[in-house]
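Given chain C, put chains E, F and S in place with the hints provided.
Protein chains in written order, with our numbering: chain C, 90 to 684; chain E, 916 to 1188; chain F, 296 to 910; chain S, 825 to 1143.
In short, the hints are calculated from the structure, not lab data. Since we're looking at a predicted model, the values are computed, not measured. Some hints here could point you the wrong way.
Simulated pairs of lysine-lysine, DSS-like, Cα-Cα distance not exceeding 30 Å [as the list claims (entries may be wrong)]:
no.: 1; chain 1: F; residue 1: K435; chain 2: F; residue 2: K471
no.: 2; chain 1: C; residue 1: K439; chain 2: C; residue 2: K481
no.: 3; chain 1: E; residue 1: K1078; chain 2: F; residue 2: K471
no.: 4; chain 1: C; residue 1: K479; chain 2: C; residue 2: K431
no.: 5; chain 1: C; residue 1: K499; chain 2: C; residue 2: K429
no.: 6; chain 1: F; residue 1: K686; chain 2: E; residue 2: K1078
no.: 7; chain 1: F; residue 1: K726; chain 2: F; residue 2: K798
no.: 8; chain 1: C; residue 1: K508; chain 2: C; residue 2: K546
no.: 9; chain 1: C; residue 1: K533; chain 2: C; residue 2: K511
no.: 10; chain 1: C; residue 1: K546; chain 2: C; residue 2: K429
no.: 11; chain 1: E; residue 1: K1078; chain 2: F; residue 2: K626
no.: 12; chain 1: F; residue 1: K726; chain 2: E; residue 2: K1078
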Amino acid sequence: MTEHELRDLIAEVAEGRLSRRGFVRRMLALGLTAPMAGMMLAHSGVAFADATLPYKPTKAGGGGLLKVLLWQAPTLLNPHFASGTKDQIASRIFFEPLAGWDKEGNLIPQLAAEVPSRENGGLSADGREVTWKLKRNVKWHDGKPFTADDVVFTAEYAADPATAAFTTGAYTNIKVEKIDDHTVKITFREPTPFWADPFVGVTGQILPKHHFGEYKGAKSREAPANLKPVGTGPYKFVDFKPGDVLTGERNPDYHVPNQPFFDRLEVKGGGDAVSAARAVLQTGEYDYAWNLQVEDDVLKRMETGGRGRVSTVVSGDIEFIILNTTDPWTEVDGERSSVKTKHPTLSDPKVREAINLLIDRDSIQKFIYGRGGTATASFVNQPPRFKSQKLKYEFSIEKANKILDDAGYKRGSDGIREKDGKKLKYVFQTSINAPRQKTQAIIKQACQRAGIDLELKSVTASVFFSSDVANPDTYTKLYCDMEMYTTTQPQPDPERFLNQFVSWEIANKENKWLGRNVSRYSDPAADEAYRAAQKELDPVKRAALLIKVNEIFCEAHVILPLLSRTRVAAGASNLMFDHSGWDVDTWNIAAWYRT
Amino acid sequence: MASTGVLAILVAGVLVGPLLWPVPIDEIDFSARLATPSADHPFGTDDLGQDLLARMMYGGRISLAVGFAAMLVATVVGTVIGAIAGMSRRYLDPVLMWVTDLFLSLPQLPLLLLVIYLFRDELKAVFGVEGGVFIMIVVVIGGLRWMPVARLVRAQFLSLREKEFVEAVRAMGASRWRLVVRHILPNAIGPVIVAGTIEVSAAIIAESTLSFLGLGFPPDIPTWGRLLFDAKDHLDVAPHWALFPGAAIFLTVLSINFIGDGLRDAFDPRRVM
Amino acid sequence: MTTHPVLSVDKLSTAFRVERRWREVVRSVSFTIGPKETVALVGESGSGKSVTALSLMRLTPRDSSRITGSVILGGRDLLQLPDAAMRQVRGDEIAMIFQEPMTSLNPVLTIGFQIAEALILHRGMSRAEAEAETVRLLDKVRIPAATSRIHDYPHRFSGGMRQRVMIAMALACRPKLLIADEPTTALDVTIQAQILELIKLLQEEEGMSVLFITHDMGVVAEIADRTVVMYGGEAVETGTTADIFARPAHPYTRMLLSAVPRLGSMAGHPHPVPFPKIDRTTGLPAPPEEIPDTVARAERPVLEVQDLTTRFEIRGGLLGRARGRVHAVEKVSFDLRQGETLALVGESGCGKSTTGRSVMRLIEPLSGSVLLDGEDIMALGERELRERRRKMQMIFQDPFASLDPRMTVGAAIAEPLVINRLASRAEAREKTAELLRRVGLSPDMAGRFPHEFSGGQRQRICIARALAVRPRLIVADESVSALDVSVKAQVVNLMLELQAGMKLAYLFISHDMAVVERVSHRVAVMYLGEIVEIGPRAEIFGNPQHSYTRRLLEAVPVPDPARRREKHRLSNEELKSPIRPLDYVPPERLYREVSPGHMVQVSDSAPPLPVVAAA
Amino acid sequence: MATYLLRRFLIAIPSLLGISLVLFTVLALAPGDPFEELATNPNVPPEVRTALRAKFGIDDPVMVRYLRWLAAMAQGDWGFSFASRIDVDQLILQRVPVTLFVIGSSQILALAIALPIGIYAAMRPYSVFDQIANTLAFVGFSLPTFFTGLLFILLFSIQLDWLPFVYRSDISAEGWRWYWEHLRQAIMPIMVLGFFQAASYTRYVRSSVLDVARLDYVTTARAKGLDERTVTLRHVSRNALIPVVTLVALQMPAVFGGAIVTEQIFRVPGIGSLLISAMLANDTPVIMAVTFVFACLVVLFNLIADLLYGWLDPRISFG
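Same shape as in the complex, but just chain C (with noise of 0.2 Å):
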């Protein structure tokens, strides 16, 4: 399909000859779906869909108790400090964004009276501005009117970097200002094709200016409704034990009319992911869990009891392998995996290449992940349009063994191959987790079988992810050959995603091993459609500049992407929820209800 045709698809939306759901299934055949199909849509002047749960209750309330379990336990409740998606999840209860995504990737309002578009006038031809206009008659839960200064309180107060706020990102290069008191407007510094950042989802939500407004900067820890949150959300809080439990009640002035369904609600943490399964799906103490990281064969026994259901929804994240072409072994200006270094083997393609077919992707989704992740090729996967079209991965034994067998690597004596003296041997590092462990041993397996020898490393994940720059297990460190991770995608649109690929981000000594691009693998081609994708406003362009950084990585086997990741979750039989993988799980819990 050309950008042409493309483009009168989406006229015949606009003028109503085509559905928009026909629209999507159009492009879902074109592998090119739903997220962006409505960002799409929505910069051509279309509105929004909405794929939420319809709510049947007629009445808000009478639903009795809300039980949620959350394995790991939230800890705070200030959303702009929420650390995990834990936190951000319990924040959400009680604080809304002024839109939410939903599992399909539309953006639907929540505090906003409707999405920005074109056609309404909230978006500009330049790119450069967004004006949101407020719901009226939305009161927080003590009482006091929610208004655009709240709005632009939140962003002043996320972007003070002495507030040190995990959103601060959103909001560094926009300037916000009110309009009147349920209109704003958002002026970005250059033309931003993605504009659904500021005050949208995780990092959206918008806190009351008469609670915090003394609390900005350094004072921010101080203020005592980080803990006693006051928000606009469908329940209103009662108590809070961080790291245990976590209970709300009915916001009986919700200003969606008859939501929500329950009068209370109660999110209980702690423990591990299995026996928070085991607690939905086969006790049925509680009503949802969440983020259930356990093998999909494990949930499927739970579910035969019949007292809860597995849900799954799509997300951005990608579980993929980085091969490291430079060397770790060598120190080179007081670091290792220096760009200044090659790796002895991994430099090699060729080498590159033969592990690739080493990875038994089909056998590590069905065996290990089963609905928690799609085995894939590309790094990027959701929305699907961002998703190449041409990487293919396969598994075989014996064309590695052939690719390495003419680029030269013999096999030793100990059956390990080598070249010039290099043995093919690498350390294969990653976190301490159940999957993750599996999924090492059957590459090992089949790296054996090839004649390459690895040695399995596993960290603890608080030091693996951690940002200490004294400490050399740290992933983006990469003192290793080869290592294994989930990389977040925190929109759908995997724009600053992929500034994993950009030369500039590299990590290093001299940016402590902050930067993004962990690989230290670089290409000017990539970098250069990078630049051009950021300031591209057509998204059909824009997506194919994408696409492209994607496929050179890809090409290169320096990353070596496994599975395309899925959210799952659990509830009761008779809980009717709707979990994003685009948001987070409670994003839209004002409309979840029991039949």
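Positioned in the frame of chain C, the structure of chains E, F and S alone reads:
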């Protein structure tokens, strides 16, 4: 006697077993996942179809070695500290007992994390991956379990050094060193060995608990504790997975404790009278 | 005696199961006890006397012992009674007291409670009644301030007082029969006299019978109407005490009697005299051999002790500061010549053992001087001291405890040689064999362990070990006190023989006056850390001057029923304690010389006769 | 008595100081970062993580941090949780009661099992009962608590559906139902912990009773005509308990260790699970405070053991 036999069989099993059952511990066979015990896999398989008998025998080496080595560390350190405290008359004793109490209050887990972080690379360079982790775990488990031994040895020393035969040897002009090494220590060692036998089982359990908390051996090393931990989510369909390592730990603990009881009797001089 | 015995024991046998085999410890023992009669069961260790007593009460371990025969009490055979009925008998009809007063009382219960327990159980008394009765009983056994002491715990009582509590407990239900199992063995001789006196008195008051178990013929002579002699689990001779002492029929009885040291039997012998050798088959003694004078009077004394003082601090309080001091040894002075035996006598806590250990610097003395062959031991550094120790060796009370249970006796004997680097391994082996022969053991025993020997043999081994380095001086701390009479005699004889042969000087520490009389040349009597009287043996025993010396000698039981003493005033005086406050300054002591070498401490009230300053 | 207590207390102070110093050094040197979750999220700029480390003083030298911590502690300020952004003392106070309840009950259960069984077994050594009790004790301490915990869950929660396995601190029932619910959810953690401890305590009690049973005063008691029950309970048990108290006090660190795992399995919101989560999140102030509280509890329990010792044994004078 029977217990010595059981322990001997276990030890022989993990030492000689891999020679008789030369199945690789990490041979993945998706067609035989969670297989129940059969001729092909006498102990069944785990969820990657890896042979549990082979894994048990391999892991047993490590579990038993951890148990005995940690016991050795705990008893040697405890005996040395307890002996010094028990022999010193005035100042050293309270200081050492203070240190002992201090160690009793130290948390194992952060300490283990620290040790792994500080020494892993150095130890790995010298002893290899498994050897390095092995040494760290042994040092941490043993290093945090010497205190009861030290107290025991000290109490033994305090009572033995007042015994007439010790005084008799002192009256002969024996040096303190000779007193301790030739006379007090051999007589104090009986209860220490009994305590040591208990340490073996405690260390095996401690290692498995560390695995549970994700701080033990690398996950691809199938110690008994690790196997038990991995099996826990599949108990309902594959109880054999947990049964064999569980039984192995139990038999080891049981036989070692019975041997300890036997040793206690054997070391009791009254018995012979 | 009477037609209706209180208790008649017929063919009582007791066997224990030891490693799956039954071993008979008491074989077919028969005797009777009449009303108000005291029967002594006498024998050496292992003769089965205590097991007999426990069997009567059926207190042997249920599962591993077997009692046969019959024990008739009040027409019932106790051995046939059901358990519950037997419990009714215990404590009510038969009561028992034991050897070790220190361990026979439950440390965590008040003595009042422990006495009242039997009253409540057998007499059905209420708490209050039982308490009142307990006070009465404590009064009866002469415990001062009984009302206030019933709530005290056992550790607040001395050994003698505890034995009184035990007696009160036994008497609680006015039993028909009291079994006393070595009730005075662990007590000091003056306390022993008090307790024996008390038992006799109470027996008369209450009209009960007593079965008195002892190894001490002196005590038997003192207390028993009739005597049963036990040997190897059998009753070898039964008769009235007078008959048995006058006309012993069984060779064992004869041997026992001739081995008993008798106080006063040494009058007229200037030097120590060995015990007579006894013919094992007839039990008749051979005439004693005199030993020539061994004392080297002309030479400088081997040991000169001057103003030796040893004190221990008692710590307590918030910062562990000293709160008081035990004045264990206070300005003790004496000397000892080659070939001479100086006996240090006194009761427990008098400081005699501390003196012995201070002389060897096994305990660090506070002040004073100790000259060994003219060299000041106190001034030596640790290394020199260790070296010098080979000139002085020590033999302890408990031969089992003083041998390392994990070392062969050969190694033990060779050890002093090894430590002092006096011999090569081969030489040491040879020397060991010679030493073993010397102390009357066979050299091939060197490979055995201590537990394979009897008590007497072990003490010989200890002596051999002490002799290995050819010392000048031997400190013998209660070295024969724990041995049976016959063995005791042999060991004493060995020591005398060695003294003669090797010119040894002995510092002989003992509480046993009869043995002391036989072995010593001179005697020093210690009381509360001080020497109250010192002098030639004949002087001390023949002409005791200090009141304490007299009391000590009077209290020794005489193994002759004909000379059974008249009743003493029933005293409850206890041994005084040597604990003093920190600011206590010991008074300057003065001594008067009664006769040459016989010095007596002058107490404040003593007549101001010829006085010599303590020098 | 008062002097004795005061003295013990004064001894505890340098101990606690020493413990705190060692703890702090250990934690300061230990690797990890409280902000790991931010690492793979491209939305969070690296500067934020750097700023946070600086803000919480993670990059300061160890001694500086220790002295700062000590000074704050002296003023009653326990620090500020990185993960929860609230005061640590608040966090701990919320959780201490639960831990004390679970540990306390499990210890009571352990003793309630160990005392009768240990005593009964020791009074009949080598009998069938003794052999069975011994074997069960070995089973008890050869199974790690995480495993028994899971077995219990499978049996009581999933198969039988009798007991909940998620411990809730916010049970909303009223009156007796509240107690009932609390009891129901506490049964399994208490049993798991209790059984594990009971196993080793039984062995202690048994050997201690065996030692006491052959002492003279027990024969004295029998000679008084007391029945076996009275002899055992009145004369043997109390004396036998004296060494058991010391052993139990020595076990306290192990008990707390076991509690950590048990709390994790049953989601008991005690300080044990707080420690685990803080450790996984590298929340140093919380780890520091919790381990310190554990250390204090250990010291406290030793103190209690000393008191108990004195109460059981009148020979110990507190002078």
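Earlier hints that do not hold, by number: 3
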